[in-house]
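Once you have looked at the hints, place chains B and C on chain A.
Residue numbers (the working numbering), protein chains in the order written: chain A, 139 to 523; chain B, 849 to 945; chain C, 600 to 892.
Any given hint might turn out to be false.
Far from chain C by the CB rule (all over 10 Å, computed), these chain A residues [as the list claims (entries may be wrong)]:
| no. | residue |
| --- | --- |
| 1 | N302 |
| 2 | T323 |
| 3 | E324 |
| 4 | Y352 |
| 5 | Y361 |
| 6 | K403 |
| 7 | G445 |
| 8 | I454 |
| 9 | E462 |
| 10 | R465 |
| 11 | E466 |
| 12 | G469 |
| 13 | L481 |
| 14 | G494 |
| 15 | A504 |
With a straight-line cut-off of 27 Å between C-alpha atoms, the simulated DSS-like cross-links for lysine-lysine are [to be verified]:
| no. | chain 1 | residue 1 | chain 2 | residue 2 |
| --- | --- | --- | --- | --- |
| 16 | A | K443 | A | K523 |
| 17 | A | K140 | A | K411 |
| 18 | A | K411 | A | K325 |
| 19 | A | K444 | A | K472 |
| 20 | C | K864 | C | K853 |
| 21 | C | K877 | A | K144 |
| 22 | A | K403 | A | K415 |
| 23 | C | K882 | A | K144 |
| 24 | B | K932 | C | K791 |
| 25 | A | K404 | A | K343 |
| 26 | B | K899 | C | K864 |
| 27 | A | K344 | A | K393 |
| 28 | C | K671 | C | K791 |
| 29 | C | K882 | A | K140 |
| 30 | A | K344 | A | K401 |
| 31 | A | K447 | A | K472 |
| 32 | A | K472 | A | K523 |
| 33 | C | K671 | B | K899 |
| 34 | B | K862 | B | K932 |
| 35 | C | K829 | C | K791 |
| 36 | A | K393 | C | K671 |
| 37 | A | K442 | A | K523 |
| 38 | A | K343 | C | K671 |
| 39 | A | K344 | C | K671 |
| 40 | C | K799 | C | K671 |
Keep in mind the hints are simulated off the structure, nothing from the lab. Predicted model, so just to flag it, every value in this text is computed and none were measured. Backbone N, C-alpha and C define an ideal beta-carbon position, used for all residues, glycine too.
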Amino acid sequence: MKADPKGVLTGAHYIDGNYAIAEGALAAGCRFFGGYPITPSTEIAERFVQRAPHVGGLFIQMEDEMGSMNAVLGASWGGVKSMTCTSGPGFSLMMENFGLGLMLETPCVLVNVQRGGPSTGLPTLPGQGDMMQARWGSHGDYEVIALAPDSPQEGFDLTIHAFNLSERYRMPVLMMTDECVGHMTEKVVIPSAEGIEVEPRRFTKKPPSEFLPYEVDESLVPYAPIPGEGYRFHVSGLTHDEQGYPVINAEAQDKLVRRLVDKVKKNAADICKYEEKDIDGADVVVLSYGITSRVVQPAVEMAKKKGIKIGQIRLIVVWPFPEERIRELAGSVKGIVVPEINLGQMVLEVERCAAGRCATILVAHAGGGVHDPETIFQAIKEAAK
Amino acid sequence: MKFWRTPLDVERLKVPRGEVHIIKDRCKGCGFCVEYCPRGALEMSDEFNAKGYHPPRITDETLCVSCNLCEMLCPEFAIFCVLKEEPEPGEEKKVEG
Amino acid sequence: MRADAPAKPAIEHPMESLLRMDRIPHIWCPTCGIGTAVTAFASALEENEIPLDSVSVVSGIGCTGRVAGYMKLDSYHTTHGRAVPFAVGLHLAKPSLKVVVFSGDGDLAGIGGNHFIHTARRNVDITVICVNNFLYAMTGGQVAATTPVSANTSTSPYGNFEQPFNLPLLAQSCGAVYVARWTALHIRRMTKAFGEALNKKGFSFVEVIAPCSTLYARRNRLGTGLDLMKFYHDNSEIRHGADPNDLNIGFQEKIICGKFVDIEKPTFLDSMNECYGKSLGEKYEIYEGAAHA
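Next up, chain A with everything else stripped away, as it sits in the complex (with noise of 0.2 Å):
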């Protein structure tokens, strides 16, 4: 489906990476935004609700980040496309209901605007440390879409691209950006409606007399009914049956984590996006992601003077993790070099899928600032003596 132009400001703009996810949702058809101020996240917000009357939107400041996280679901159960922004402690306080929002299967974007922590932290300053707190912030089992865009440009792009995986898959996706990204002001070139993919809500075509709220064919994802029309569905934040209703015991919990983990698993082909540069032959690979690729190139030409070869790998998508392709690497590579704002978080799963064959170097940074490049070239060097 093509996006609807109403909300698409064709163009080529000067504007920072929030206004960009802002631009972004409304133009993938979000016109529900449940907000809570909080630094530095609200600029998405406040695009949103300066535009959203002109393209029949809704903007909602909640009273709490429960709150928002909570009407963004039940906004997306009304059928209409919604999202929410927060950072730091507000998205601590949304996990519960972004578990709720994955348990019901829900399709919604939540997105991250990364700062320094824990705690109150570094309110104005980046940070990357809420990487695993994106994969395993709400309780129980579950997988998890985040996303990370190294720029104002790739914060439009992928919010389209956030809204189409969460309708394709049914669930609520992440947008892991980060202070850097969002407050940096580049050039952000808006296609026009009919260049840009919008995927519909997957509303049944079955009555309501044969309608179940959740049952799946090969691809494990359920339809959606259409809410005032009859289906008269049930659904619960409790473990459930194809039926909606609450099953407390050790079968149905098995038969429905293990589809709600395996409809992102075996499809994760389809979601995982990376990008490569000059891998082959390379002795060293940088693994990157959000602002800290961008901090990366210095290094990497730094690297390249001094003879090395050096490659690079920059995770768009975050969350599923590309096991298969580090673990292939991993095989052929002296080492990996791994940067992040956080003490080491992603760099966890690099290690887990090198599993040993090749050197996992992780670069780390505590927040409120990017790397010095030189301290990432030190680690190539390193990594390829």
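Below, chains B and C alone, put in the same frame as chain A:
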């Protein structure tokens, strides 16, 4: 029926009659229906239902005037009454006002 | 009825079309009042001829939180305290729906208190029904924001010393346009109140004082739910239009019931449309919600 003061239109009016239905296996024996039946048409039985509760039983079906109070109070959706339509020749069918 | 009569009568209980009969019997204890509130709600829907397909029930967690699972309507069983914001999103996405929150007192006034006051303040057009049994029942009878002073609960074993919320006052002071309170015994008045609340444009709130036999009555040696019903019979007073300040409930003291607020005020969407219309003129595209609405 006893009256404090016989209504003037007592000849014309007909007391509605109800038919009580008890879904015994749904009952949890709370006794709301027995306690609040304004006609005393119900009492708790000694019988056990499938869940081990004592469901109510009807003392005298002719007492029920189909006020539906038991139906509305029952937290278990286990009792209801339906209006018995018994048109008798020469009598007005419905109570007006 | 004879002992050997069939358990299920030939004709159906009139409520069956509105209930998920495959889930009945429900989990509520004997002499619990929640089932009675459900009956009254179902009767109100029928009496007011509200198109059932347009009704959505949203519940949180707790005993009353299970209502969504038993009503044969579009129904959502959400997380603890969050039924109200979920309902807000649902209503705003599709304003043609009649969105009703069925919540317990712990869910609504405790963990969900912030959502409750703000949704009343914004006058979002939803109906909130609170079944108040004075404690957290599902988790075993802990002290709640509504537990009367001196009442015994599992986390106030020496008696509650905190002041409870007066829910009608809270709702009224935050801006609710319809506020009523009835006990589970006031079955016809409760039904009428539900009907009025459903038809009210704006944030409508009905508190239902209901017996909890297993926890509240037992811990406080008050007998069973039936004894609490008898207590309501003897100790509730109907005072329509009463000053909400006078509606505190003391332990085994008089319960004032009635309709306290019934006013007109622009809803959240009314105000939004007016504001945007004024500021943006023709550029404002009036919000209509979901495309298929």
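Hint-by-hint comparison with the structure:
The Cβ of N302 of chain A lies farther than 10 Å from every Cβ of chain C, with a closest approach of about 17 Å, so its non-interface assignment holds. Residue-level check passed: T323 of chain A sits 26 Å from the nearest beta carbon of chain C, beyond 10 Å. E324 of chain A, annotated as away from the interface, keeps every beta carbon of chain C farther than 10 Å; the closest lies near 28 Å. Once the 10 Å rule is applied to beta carbons, Y352 of chain A is consistent with being away from chain C; the minimum gap is 13 Å.
The claim that Y361 of chain A lies off the interface holds: its Cβ sits roughly 14 Å from the closest Cβ of chain C, which is beyond the 10 Å cut-off. Once the 10 Å rule is applied to beta carbons, K403 of chain A is consistent with being away from chain C; the minimum gap is 25 Å. The claim that G445 of chain A lies off the interface holds: its Cβ sits roughly 57 Å from the closest Cβ of chain C, which is beyond the 10 Å cut-off. The Cβ of I454 of chain A sits about 29 Å from the closest Cβ of chain C, beyond the 10 Å cut-off, so the non-interface label holds.
Once the 10 Å rule is applied to beta carbons, E462 of chain A is consistent with being away from chain C; the minimum gap is 35 Å. The claim that R465 of chain A lies off the interface holds: its Cβ sits roughly 38 Å from the closest Cβ of chain C, which is beyond the 10 Å cut-off. Residue-level check passed: E466 of chain A sits 41 Å from the nearest beta carbon of chain C, beyond 10 Å. Every C-beta of chain C lies more than 10 Å from that of G469 of chain A, the closest at about 44 Å, which supports listing it as non-interface.
Interface exclusion of L481 of chain A from chain C stands, the closest Cβ pair being 31 Å apart, more than 10 Å. Every beta carbon of chain C lies more than 10 Å from that of G494 of chain A, the smallest distance being close to 42 Å; the non-interface claim holds. With a cut of 10 Å on Cβ distances, A504 of chain A stays outside the contact zone with chain C, its closest approach being about 33 Å. Distance check on the hinted pair: K443 of chain A and K523 of chain A sit about 16 Å apart at the alpha-carbon level, within 27 Å; holds.
Among the hinted pairs, K140 of chain A with K411 of chain A is consistent with the structure: their alpha-carbon atoms are about 22 Å apart, no more than 27 Å. Between K411 of chain A and K325 of chain A the alpha-carbon distance is near 23 Å, which keeps this suggested pair within the 27 Å criterion. The suggested pairing of K444 of chain A with K472 of chain A holds, with an alpha-carbon distance near 16 Å, which does not exceed 27 Å. Of the supplied pair hints, the one linking K864 of chain C and K853 of chain C is violated, its CA atoms being roughly 31 Å apart against a limit of 27 Å.
For a cut-off of 27 Å, the pair hint linking K877 of chain C to K144 of chain A stands: about 21 Å separates their Cα positions. Note on K403 of chain A and K415 of chain A: the hinted pairing holds, with a Cα-Cα distance of about 26 Å set against a maximum of 27 Å. Pair hint K882 of chain C plus K144 of chain A holds up; C-alpha atoms about 12 Å apart against a cutoff of 27 Å. The hinted pair formed by K932 of chain B and K791 of chain C meets the criterion: a straight-line CA distance of about 25 Å does not exceed 27 Å.
A hinted pair counts as satisfied when its Cα atoms are at most 27 Å apart, and K404 of chain A with K343 of chain A qualifies at roughly 25 Å. This hinted pair does not check out: K899 of chain B and K864 of chain C have alpha carbons roughly 50 Å apart, beyond 27 Å. Between K344 of chain A and K393 of chain A the CA atoms are separated by roughly 23 Å; this keeps the pair inside 27 Å, and the hint holds. Distance hint between K671 of chain C and K791 of chain C is fulfilled; the C-alpha atoms sit about 21 Å from each other, no more than 27 Å.
The hinted pair formed by K882 of chain C and K140 of chain A meets the criterion: a straight-line CA distance of about 24 Å does not exceed 27 Å. Annotation: proposed proximity of K344 of chain A to K401 of chain A holds, straight-line Cα distance about 22 Å (limit 27 Å). At roughly 10 Å between alpha-carbon atoms, K447 of chain A and K472 of chain A fall within 27 Å of each other, so this suggested pair holds. For a cut-off of 27 Å, the pair hint linking K472 of chain A to K523 of chain A stands: about 8 Å separates their Cα positions.
The hinted pair formed by K671 of chain C and K899 of chain B meets the criterion: a straight-line CA distance of about 24 Å does not exceed 27 Å. About 12 Å separates the Cα atoms of K862 of chain B and K932 of chain B, which keeps this hinted pair within 27 Å; it holds. Proposed proximity of K829 of chain C and K791 of chain C is supported: the alpha carbons are some 21 Å apart, at most 27 Å. A distance of roughly 25 Å separates the Cα atoms of K393 of chain A and K671 of chain C; the hinted pair therefore holds under the 27 Å criterion.
Between the alpha carbons of K442 of chain A and K523 of chain A the distance comes to roughly 14 Å, so the proposed pair stays at or under 27 Å and holds. This hinted pair checks out: K343 of chain A and K671 of chain C have alpha carbons roughly 21 Å apart, not beyond 27 Å. With a CA separation close to 18 Å, the supplied pair K344 of chain A and K671 of chain C stays within the 27 Å bound. With a C-alpha separation of about 23 Å, the suggested pair K799 of chain C and K671 of chain C falls inside the 27 Å cut-off, and the hint holds.
The structure shown violates the earlier hints numbered 20 and 26.
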